[in-house]
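Per my numbering, the very first residue in the sequence shown carries number 2; after that it's consecutive.
Don't read these hints as lab results, they were simulated from the structure. Any given hint could be a false lead.
[To be verified] Listed next, the in silico SDA-like pairs over lysine to any residue satisfying Cα-Cα at most 20 Å (straight line):
1) 149 <-> 233
2) 75 <-> 220
3) 106 <-> 143
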Amino acid sequence: MKYATAFASEMTWPDYHAAVREGQTPILIPIGSMEQHGHHMPLHVDVLLPTEFARRVALAIGALVAPPFTYGYKSHQKSGGGNHLPGTTSLDGATLVASLKDVVKSFAKQGVRKICLVNGHFENSWFIVEAIDLALREARWDGITDLKIVVLSYWDFVHNEAIAQLYPGGFPGWDVEHGGVLETSLMLALHPHLVHLDRAVDHPPATFPPYDVYPVRPEWTPPSGTLSSPREASVDKGHILLEVCTAGIVAALRTEFG
Numbered sequence: 002m003k004y005a006t007a008f009a010s011e012m013t014w015p016d017y018h019a020a021v022r023e024g025q026t027p028i029l030i031p032i033g034s035m036e037q038h039g040h041h042m043p044l045h046v047d048v049l050l051p052t053e054f055a056r057r058v059a060l061a062i063g064a065l066v067a068p069p070f071t072y073g074y075k076s077h078q079k080s081g082g083g084n085h086l087p088g089t090t091s092l093d094g095a096t097l098v099a100s101l102k103d104v105v106k107s108f109a110k111q112g113v114r115k116i117c118l119v120n121g122h123f124e125n126s127w128f129i130v131e132a133i134d135l136a137l138r139e140a141r142w143d144g145i146t147d148l149k150i151v152v153l154s155y156w157d158f159v160h161n162e163a164i165a166q167l168y169p170g171g172f173p174g175w176d177v178e179h180g181g182v183l184e185t186s187l188m189l190a191l192h193p194h195l196v197h198l199d200r201a202v203d204h205p206p207a208t209f210p211p212y213d214v215y216p217v218r219p220e221w222t223p224p225s226g227t228l229s230s231p232r233e234a235s236v237d238k239g240h241i242l243l244e245v246c247t248a249g250i251v252a253a254l255r256t257e258f259g
């Protein structure tokens, strides 16, 4: 079914209730973070991107987008620069798990039976899984046995053909893509007014030893906060990513939700 808006929060409660009470309308929940993304991008990249993917997918499959989680789990030094950097503002794992579990359970009690968690911040991953496990367990206690939850991260839908187009000089790996070509290209395509590519710091991909140390050693993180160079980002690459990831997510949810 098509709705006047993709966003559940923009609907009146009777219209929302009519949309979800029979359990056929999927709810997409974007999950991001407030995290530094270098000198050239804002702190809410990880919220803007999954929210936009959720919006596009919702319009394609007749789903609704819930308000996003704007705080996420603590930034890890090897994937997000580290929680020590200014601007990065994070939740304890237990807080994220409890909050997400409560939201999923609330949707289930309203009649929602198809939920997709659209992740935009790598470090959230295992806490999302824990929240889902607890929500499903407690839903069963309430007699809800037909709830289905899909969890995905949009970058996992970037296939090898697209990677070859995006990184003609060689792919550095997802582990150092924080603030690099992928996120910067998407932001250039979607929110160019928020990207200051002239301030981007060009540097080789970060290298780390095969272990972690706590407290973190700030000198391990490049001073820019990014883990690879965004200099090769472009609007065209952003549109490739939008098309590839949206199509992949739409196909996945049509498979899982019908």
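Outcome of the hint check:
Note on residue 149 and residue 233: the hinted pairing is violated, with a Cα-Cα distance of about 39 Å set against a maximum of 20 Å. Only pairs whose Cα atoms come within 20 Å are accepted, and residue 75 paired with residue 220 is accepted, the gap being roughly 18 Å. For the hint pairing residue 106 with residue 143, the CA-to-CA distance comes to about 10 Å; that is within 20 Å, so the pair holds.
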